[in-house]
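Trainee: Letter by letter, the chains look like this.
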Amino acid sequence: SGNSGSGSGSSEGDTAPASDEAEDTGSEGDADSGELITVGYAQVGAESDWRTANTESFKSTFIEENGYKLIFDDAQQKQENQIKAIRSFIQQEVDYIVVAPVVETGWETVLEEAKEAGIPVILSDRMMDVSDDSLFEAWVGGNFVKEGETCGDWLADYLEEQGRGDEEINMVTIQGTIGASAQVGRTEGMANKLEEHSNWKMLDMQSGEFTQAKGQEVMESFLKSYDDIDVVICENDNEAFGAIDAIKAAGKSCGPDGDIIVVSFDSVKAAFESMIAGDLNATFECNPLHGPRVAEIIQKLEAGETVDKIQYVDEAYFDTSMDLETILAERAY
Amino acid sequence: MNNTLKNITSKRLFLPIFCLILVLLINLVTRPDFFSIEIRDGVLYGFLIDIINRASELVILAVGMTLVVSASAGTDISVGAIMAVSAAVCCNVLTGGERAATEYANPLILGFLAAILVGTLIGCFNGVLVAKLNIQPMVATLIMFTAGRGIAQLITDGQITYVRVESYKTLGSSFPGFPVPAPFIVSIVVVAATVLLLNRTALGMYIQAVGINKKASGLTGIKAVLIIFLAYAYCGFCSGLSGLIASSRIYSADANNIGLNMELDAILAVAIGGNSLGGGRFSIAGSVIGAYTIQALTTTLYAMHVSSDQIPVYKAIVVVIIVTLQSPGFARWRKALAQKKVDRAEGKEAA
Amino acid sequence: MEKDSVLEMRHIYKTFPGVKALQDVDFTLAKGEIHALMGENGAGKSTLIKVLTGVEEFETGEIMMEDSTHPIINRSPQEAQKHGISTVYQEINLCPNLTVAENLFIGREPRRFGMIDWKAMNKRAGELLADLDIFADVTKTIDQYSIAVQQMIAIARAVDMSAKVLILDEPTSSLDDSEVEKLFRLMRRLKSEGVGIIFVTHFLEQVYEVCDKITVLRNGRLIGSYTTAELPRVQLVAKMMGKDFDDLAAIKQTDGGTGSYRDEDIVIKAVGLGRKGYIKPFDLVIHKGEVVGFTGLLGSGRSETVRVLYGAERTDEGELFVKGKKLAAKHPIHSMYEGMAYLPEDRKNEGIIADLSVRENLIIALQAKRGLFHLLSRKQQEEFTDKYIDMLQIKTANRETPIKSLSGGNQQKVIIGRWLLTNPDFLILDEPTRGIDVGTKTEIQKLVIRLAKEGMAVVFISSEIEEMLRTCERMVVMRDGSKVGELSGEEMNQSAIMSTIAGGQ
Amino acid sequence: MKKKFTLNQTSFLLLITIVLFFVMYAVGCVIFKDQGFAKTQNFLNLFVSNAGLIVIGIGMTVVMITGGIDISVGSFVAMGCMMLAWMMERAGMGAVPSVLIVLLTGVVFGLVQGFLVAYMDIQPFIVTLAGMFFARGMTAIISKDMISISNEMFMGWAKMKIYFPFGGHVNRKGEMIYPYVYPTVVIALLLLAGAFIMLKYTKFGRSIYAVGGNEQSALMMGLNVRRVKLKAYMLDGFLCGVGSILFCLNTLGGFVEQAKGFEMDAIASAVIGGTLLTGGVGNVIGTLFGVLIKATIEAFITFQGTLSSWWTRITIAALLCFFIVLQSVLAMLKKKK
Ligand SMILES: Nc1ncnc2c1ncn2[C@@H]1O[C@H](COP(=O)(O)OP(=O)(O)OP(=O)(O)O)[C@@H](O)[C@H]1O
Ligand SMILES: Nc1ncnc2c1ncn2[C@@H]1O[C@H](COP(=O)(O)OP(=O)(O)OP(=O)(O)O)[C@@H](O)[C@H]1O
Ligand SMILES: [Mg+2]
Ligand SMILES: [Mg+2]
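Residue numbers (the working numbering), protein chains in the order written: chain A, 1 to 333; chain B, 1 to 351; chain C, 1 to 505; chain D, 1 to 337.
The set of hints was computed from the structure by calculation and includes no laboratory data. Each hint should be verified, as a subset may be incorrect.
In silico DSS-like cross-links for lysine-lysine, where the CA-CA straight-line distance does not exceed 27 Å [to be verified]: (1) K276/C / K335/D; (2) K340/B / K20/C; (3) K323/C / K223/B; (4) K31/C / K191/C; (5) K269/A / K169/B; (6) K334/D / K276/C; (7) K223/B / K326/C.
All values derive from a computational prediction rather than experimental measurement.
Go ahead and model the full structure; you've got the sequences and the hints to work with.
Mentor: Below is the structure:
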C-alpha cells in the first residue's frame, strides 16, 4: 500500500529514501513535494533490449531528486492497455502524459479526453496518426527512414572501398515484424538507396520478427534458395546474430573478412561484441535515450515556452573500422 | 491377437502419416531439391534435416502435452512461457548473473539441472492447481502463461543474456563427430524414454483411465490426483528441456521470444496426431508425427517464399484440410457416398 | 402392414465391427399392446431399439409406422420423436446440469409470449412427478439424485410425451418393487389409451405380470414372437438361452448359520460410523464367510452407507476396523490394500472406463493394487481376461474391444470380474445384477454364495428383495440414512422386512 | 418438509465472483484514495475500455456452455478492425455498409467454424485455432501497414459521449466535468441483457445448456445437437462482429498485431465468472464480472505506477492466481458442507 513509490505527497514517503541525501532534500524536499511534477508514462512493454533501455532512460530521468514523480505503466504490447492507462492517468490528474504508442493509429478519442481534462501529452518513439496536431505537444524519437538510408550510404562507401562498387551485388533482407514502424522505415530507407544503385539486386525479403531464432530460420531458407548472397541486411541486431549462425552452419563465412557482408540496426551491446568477433560488419544506431529529451520539453512547457513539435534524437553508426572496445565500454545499453 | 492390435494402431496412425507425407510431397512439385541431403562440415544439411532439427522442441513439448491432455482433458498453455523461464535460469546460472559471458561462471551441468528443475517445478505448480484444487486446466495454466515471461525477464533483468561459450551451442547444433543434429537426438531420446516409461509401468494405462473417467478410476484404486499432477510435472520437465535446446540454439536467453506461441503448436501437434483433446486414449507416436507435420508445413512455406505474416492463412487451410480428412464427419460423408454408389450399382443391376 | 399394428420392423440387419448384432430381425408392435423384448445379455435388444430410434443406422431392412405408406428411417432420436416414438434408453440419458423440471420438458418447454414459462414448467413438472409418487425438488439439478430417481424421471419424461410408441429399455433395473408397481400402473393406463409399448427387462415375473406378447432374440437373431399366456416360463428361458434351464429353484440358502460366527472372524467392524448430513452413525459387524444384505426404500442411503464403508466417501465420525485393524482410508486404494472391493451401482459414471478395452477394464483394479511399477505382463493380463470372459460368459468381439461397445449386461460382468480378480476378503456389491440376464444372474448369486463359503465377507445390495433373501444371511434395514434394524434367520422374510422399513409409522 | 433456501454450486460461484469484485474494488478505493480511484468516471472506465471484451465474452460464454471454445476471437477482432479501416479508408466505403459487412463476416465466420465443429465433428479448439491463424493471416493480406480511421461518421460515433447528469467534478482548468460513457457501453450492456434472457428463457438457450451438459443425452432426448452447436457458433460469430466494431470504436484503426491474446482475456473472464470449459455451466452475468475483475486488476497496476514491465506481468498473474484459487477453495468448502 502507500509506500514511498505511490504515496503521493505523504511526508514519510520523502524521508524514507537514502539518508545521505536527507540533509539537502530535507527542507526542500518537503516543500518540493507539493510541486513535484507528476508524469504518467505509458510504455509499450519490454519486448526488446532496446525497449528496456528506453524505459530505463525515463525511469532514471524522472526521479524525485529531479522534481518528478513518475507513474509508469507497461502495456504489454497492447494498444488497448495503453488506452486504459491514459484514461487512468486522466483520473489520477497527472501533470503530463508521456506515451510511447504501440501503434500510430487510434488515439483520437482518448487524446481528446486528455485535452478535455487539460493534460498535455508528449509522444516518444512512435508517432501518432491523428487529424488534429494540437492533441499532443511534441514528439521525440528516431528517424527510421534515415537509419535505412544511412545504411545504404555506408554500404555504398564500403563496397567502393573494397573495389566492388560496380559489381553486381546480391542482397537479402531479414525484415522486422511486418508493420512495425522500425520495419517500415528501415525497409523504405533502404529501398530509396536501392533505387540509386542499379547494380544492387534485392533477391528476397522475409520477416525474422526481430528475433534471433527466426532470423536464423529465415537465413537458412535464403541460403538454400540462393547461392550467391553478398549482403544480408538485418532490421535488428538479434536477427543478425541468427543469420550469422545460419551462414556459418552452411559452411560460409561473414564479416569483414568473410564471403558475406552482414549489417544490422539498433546497436545493442551484443552487436559490438559480434563486430569485435569479426562476424558483423556494421550496425546502425537507434537511440533509446529519450528520457532527458522529454524532460527538457517538460521544463520548457513549465516555463511557458513553446517547443518544436518534432524532435529527432541523435543517431550514429558503428563499423569494424572503429575502436569498438572503447565505444563499447562507454555505452549505456 | 497381437496382429489385430497392430492393425488397429497402424490404422490409427495411417491418416496422420498420410498427411505428413502429403505436406512433404507438395515440395516435390515446387522444389525438386527439397529432398536432397548432403554433408557439410561433417553435419547433415538440407531441408529435410532442417525439419527434423527445428521440430525437436515441438516434439518434446508435444510429448508432455499429450500426457496432460490425456490425463486432464485440458491443455497446458504455459509450456512456451516455461521454456523462456528455463532458458533464463540456465543462462543466468552459467553467466553468474551477468548479461553476457564468455566463460562459464558455473559448471554447464549445473545450469542444465537448474533449468530443468525450474521447468519441472512450474509444471508441479500447474499440477497442484489442476489436480488438487480442481481448477480448469486452461485457466490454471493461464497463470504461468501470464507470469512466465515476466519471471524470465525478472531473472535476466529484462535483457537478453548471452552465453558465448562454444560448448553451450552443442545442444542446439550437433555433437562433435556426429552428423545428426543434436536436438533431434535429444528429442528421440525423450520420446523413447517416455514410451518406455508408459509401457513398462502402468502409468500409460493409469493416465488414460483417469482421463476417461476420473471417478471410476479413483474407485478402482488409482490416485487420480497424483496421476494428473505427474502429467503436469512431466509436461513442465519437457518444457524445461525444450527451453534449453531453444536457448542453446541462440546461445542466449531471450525472455520475450523463446517458445513464443509454442503452446498452440504443441496442442495442434497433439490433435493432428489424431488424439482427442477431450482426454483419454492417446498415442505418443501420433503427436510426434503431428509435430513433424507442423514443422514440415512451416519449412515448406518458407521454402515457397510465403511472407511470414501470411503464413498463418495457409497454415490454417492445411490444418483444416488435415483435421477434416481425419474427422468422423468426413468419414460419415465418405461412407454415405460409397453407399450411394453401391445403391446405384444395384439399381442398374436390377434394371 | 397388418391392421392394428403401430410399428413393424422387417429384416433388420446391423453389424458392428466383429459383431453381427442383428440379423434378419422382424418385430411387430400392435396398438395398445405391451410387448416384451427378451434375450440374454448381448442378444441385440438395445441395438434393435437404437436402430429404430435413429441412434444407430441399420444396414438393411424396413421400418413401417401406422400412418405412413412407405418405410421410414429415423436418422436421429429427434426424428423418431416426430414419428411418435418416445424412448427410455438403457443407460440413463439426462443432462446432469439441468434441473429436474427441465430434463422433463427440454425441447417442449411451456412458453408464454415466446419465452419459457419457468413457473408453469416447474408446476407441471411437480404434478407429473407427484402423479408417479416421486418426491423430488424439481428446481434442483438432476445430478443430485440417485440412479433410481433419475430413472423414474427419465420414465416420466418419456411417458409424458404422449407418443404412439413407448420404448422402455430395462427401466426397472434399479427400481424396487413399489416403484415397479407404479410404473406398471402407468403402463396399463397408456395401454388402455392405445399406446404400443416395447418393454425390455430381465425380470421374468414382470414380463408375466404386464406383457401381452413376447419377442425373443438370441445372438442377434429372432427366435420368435409369442403370446405371453401361451409361453410358459420354462420355455421362455429355454428359448432365450437356447437350452433348458431351471431358473429359480437353482439356489437356496443352505447353511444359514446365524450367530455361529466367532469373534476372530470379524472382518468389518464399524463403530458409530457416519457422515454428517447423509448417514447417521451406525454400528455394524460383518464376519468372514457372511453375506449381508442392505435393504430399504429408494434413497434410504444403502449406497451411501457402503460407500462410507469402502472409503469412497469421507467419514466424519466413528471408526472402522478391518480385521481388527483401524482403517481411516483417505483413498479407496487404502481400503483395497486391506482387502476390500467395491462394485458401484452407477455403472456408466463410476464403473466402466468407457474407452479402455475389456482387458484393461478387467485388470485395472488388480494393477492398481500391485502398484505403478509392477505392471502385469501382457501375457498375465490376457490370461486373466480370458479366464473371466469364460467364467462370466462375457460376450465380446475380443479382449481389446472397448468396453463401451459391450451390451449393458456384459459391461456389468466385466466390472464384477474386475473386483473378483483382486481376490478380496470383503466384497461390496451394490446392485451387481443390474441389467444381467436370468441365466447369469443365478450364476452370480451362486458365485456369491460360493465365495462366502470360501471365506469372503460380502455385502450385497439389490432392489429385488427375493434375490437378497436367496443370497443373504442377514439383512440390514435402512431408512432415511440411518440403520433401523438387522434381521437374520427366521425373522428374515418379506413381511418382516417391510414392516421394519416402515418402522414406527 | 421445510424448504430451505440453498444455493446450488453454480449460483454460489457467481455470488463469490460478484462479492469478490466489490471487495476488490473497495480495497482499491481505500489504497488509492488520493489518486481518484473512487471517482465515478474511473468506475465507468472499466466499462468504457472493455465494451468490446464484454460482447466477445458473451459469445465466448455461449460456445463454452455448449462445451466448445473459440480461440479465434482475438484474430477475428484484428481482422474486423482491419476490414473496417480498409473499407472506410482505402475503399472509400461508408461507415454503415462497412459495419454491416463486418457483422456479416462475423456470422459467416461463425457459420464455417460451427459447421466444422458440429457437422464434421472436429474438435472446437482445433477448428478455432485454424480460425485464429486464418483471421490473423487475412489481416496481413488486407494490409500489412496500419490504417488509421478518419471516416467522419465513424469518428462521430466514437466520440459521442453520453453524460451522466450527476457525479461531476472540477478539472484542472476549472471546468465541471460530468461522468460519461460512450455508446459502445450501452450496446454492450443491451446485448448482455439480451443474451441473459436468451439463455434463460428461450428454447435455444436451454438447448445450449443441455448440449453442454451431456451431448449424448441431449441427442437422445431428441434435441438437434448439431443445429444447436452451429447456431451457437453463428451467434458467437455475430457477437465477435459486434465486438470487433466496438473494439474498433475504441482503437480507431487496424493493424496486424491488434488484439493479440484477446482470446485469453475473453476465456479468462468467462471462467472467472463461473463458466466451465467442460460445458453446461455458465452465465453471462458472471462473464461481465469476470471482465470487470480483470479490468480492476489492471487498474490496480496502473494506479500503483512503479512496477517494472516484468513485475507487472507477475503481479497480474499473482492476483489472477489468488483470485482463482480463492474461488476454487471457497467452492470446494461449500461442496464439502
Ligand atoms: N457401439 C457398438 N460397437 C460395437 N459393438 C456393439 C456396439 N453396441 C452394441 N454392440 C454389440 O452388439 C451386441 C448386442 O448388444 P445390445 O446392447 O443390443 O445387447 P442387449 O440385448 O441390449 O444386452 P443387455 O441385456 O446386456 O442390455 C453385443 O454383442 C454388443 O457387444
Ligand atoms: N426419492 C428421493 N428423494 C429425495 N432424495 C433422494 C431420493 N432418492 C435418493 N435421494 C438422495 O440420495 C441419497 C441417498 O441415496 P443412496 O443412493 O444412498 O440411496 P439408496 O438407498 O442406495 O437408494 P437407491 O435405490 O436410489 O440406490 C439421499 O441422501 C438423498 O439425498
Ligand atoms: Mg441392452
Ligand atoms: Mg443405491
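Trainee: Confirm or reject each hint.
Mentor: Outcome of the hint check:
no.: 1; hint: K276/C / K335/D; verdict: 13 Å, holds
no.: 2; hint: K340/B / K20/C; verdict: 23 Å, holds
no.: 3; hint: K323/C / K223/B; verdict: 24 Å, holds
no.: 4; hint: K31/C / K191/C; verdict: 8 Å, holds
no.: 5; hint: K269/A / K169/B; verdict: 20 Å, holds
no.: 6; hint: K334/D / K276/C; verdict: 14 Å, holds
no.: 7; hint: K223/B / K326/C; verdict: 21 Å, holds
Violated hints for the displayed structure: none, as all numbered hints are satisfied.
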